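**Q** Going by this note's numbering, the sequence shown opens with residue 394, and the numbers climb by one from there.
It should be emphasised that the hints constitute simulated quantities derived from the structure, not laboratory data. Incorrect hints may appear among the rest.
[What the hints assert, rightly or not] Below, a list of computed lysine-lysine pairs in the DSSO-like style, where the Cα atoms sit at most 27 Å apart: (1) Lys-465 / Lys-477; (2) Lys-510 / Lys-465; (3) Lys-452 / Lys-465; (4) Lys-555 / Lys-525; (5) Lys-465 / Lys-429; (6) Lys-525 / Lys-578; (7) Lys-452 / Lys-429; (8) Lys-555 / Lys-578; (9) Lys-510 / Lys-525; (10) Lys-555 / Lys-510; (11) Lys-465 / Lys-438; (12) Lys-477 / Lys-429.
[What the hints assert, rightly or not] Label-pair ranges, simulated between beta-carbon atoms: (13) Ser-548 / Pro-504: 36 to 46 Å; (14) Arg-522 / Arg-550: 45 to 55 Å; (15) Ser-486 / Thr-436: 11 to 21 Å; (16) Glu-579 / Pro-511: 39 to 49 Å; (17) Pro-583 / Thr-514: 14 to 24 Å; (18) Ala-503 / Ser-468: 26 to 36 Å; (19) Ala-503 / Ala-580: 21 to 31 Å.
Just so it is clear, the structure is predicted and the values come from calculations on it, not from any experiment. The beta carbon of each residue, even a glycine, is placed where N, CA and C say it ideally should be.
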Amino acid sequence: MTKLIAAIGAILAAITLTACGGPPATSEMPNLVGEKLDDATDTLKDIGIDVETTDASGKGRSVWVASNWTVKSQSVEAGETVSKGDTVTLTVSDASPSTRTTKTTEVRAAPAPAAPKPVTTVISLPVDRAEKNSGLTLDTYDLASNLAPSRSGESSRTVFDKANWRVVAQCDTAQGGRLMVGVVKEAEWPEVANSNVSSNTYAALLTCP
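Construct the complete structure from the given sequences, taking the supplied hints into account.
**A** Encoded structure:
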C-alpha cells in the first residue's frame, strides 16, 4: 500500500509541474541556422536548453553583443529530441559591418581661421579717419620712442583720443577685420614725417601677420 501511495504521489507531482506551465521534459530541436544569436538563445531558453557558443572563424573571439552574431551551425540537428537541461553549442560568425549594431558620432571640422587680407594705405591719417576710410579696427602701437627725438627712450603709451594720433606705419594685411599700425601723437608728427614714413619703412617695427 505504501508503494502505491508513493507512485500516485509522483504522478500527481508530474501533473502539477506540467500544469504550472514549465517547459516539457523533451522537445524537438528547432532549426536556428541563419538566426541572430540573441534570437536563437531566447528560443532555446524557452524550452529549457542551455546555450554555449563557438567562433566560426576559429579565432576564439568572445561574444559581446549577441545581435552582432549569426548562427552558422548547431551541435544538435533540427528535428532531433532534446531534453530539458541539455546544452547545445551554436557555432556563430560576426555580422558584416553593414549590419552590425553600432553607434556613430558626427565629427565636424573646426572652421579655418580667416586668411589675411590686403588693405589700402592709411599712413599719415589720424587714427579715427584711418579706421573710417579702411573699415577696419586699428590695433595701435606707439612708435614715438623709436622715431621722435623728443620721446627717445620713453615708454610706450596707450591711445585714447584717436583724433590726436597719426599713423606712421602699417602692416600690409589685415586679419579678422583688424589692422596693426604704428602711431605717434599729432605734436610729434613734424619730427617723424619723412620719406621713410611715406614708404612704410617703419612697418619693420611692427609685429605683422
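**Q** All hints, please: hold or fail.
**A** Results of checking the hints against the structure:
1. Lys-465 / Lys-477: 23 Å, holds
2. Lys-510 / Lys-465: 64 Å, violated
3. Lys-452 / Lys-465: Holds - the C-alpha atoms of Lys-465 and Lys-452 are around 15 Å apart, at most 27 Å.
4. Lys-555 / Lys-525: 11 Å, holds
5. Lys-465 / Lys-429: 10 Å, holds
6. Lys-525 / Lys-578: Holds, at about 19 Å.
7. Lys-452 / Lys-429: It holds: about 20 Å lies between the C-alpha atoms, which stays within 27 Å.
8. Lys-555 / Lys-578: The given pair, whose Cα atoms are some 9 Å apart, holds under the 27 Å limit.
9. Lys-510 / Lys-525: Distance ~17 Å between Lys-510 and Lys-525 Cα, so the pair holds.
10. Lys-555 / Lys-510: 23 Å, holds
11. Lys-465 / Lys-438: Holds, at about 19 Å.
12. Lys-477 / Lys-429: 22 Å, holds
13. Ser-548 / Pro-504: 36 to 46 Å: The hinted range 36 to 46 Å holds for Ser-548 and Pro-504, with Cβ atoms some 39 Å apart.
14. Arg-522 / Arg-550: 45 to 55 Å: 20 Å, violated
15. Ser-486 / Thr-436: 11 to 21 Å: 18 Å, holds
16. Glu-579 / Pro-511: 39 to 49 Å: 28 Å, violated
17. Pro-583 / Thr-514: 14 to 24 Å: 20 Å, holds
18. Ala-503 / Ser-468: 26 to 36 Å: 54 Å, violated
19. Ala-503 / Ala-580: 21 to 31 Å: About 47 Å separates the Cβ atoms of Ala-503 and Ala-580, which means 21 to 31 Å is violated.
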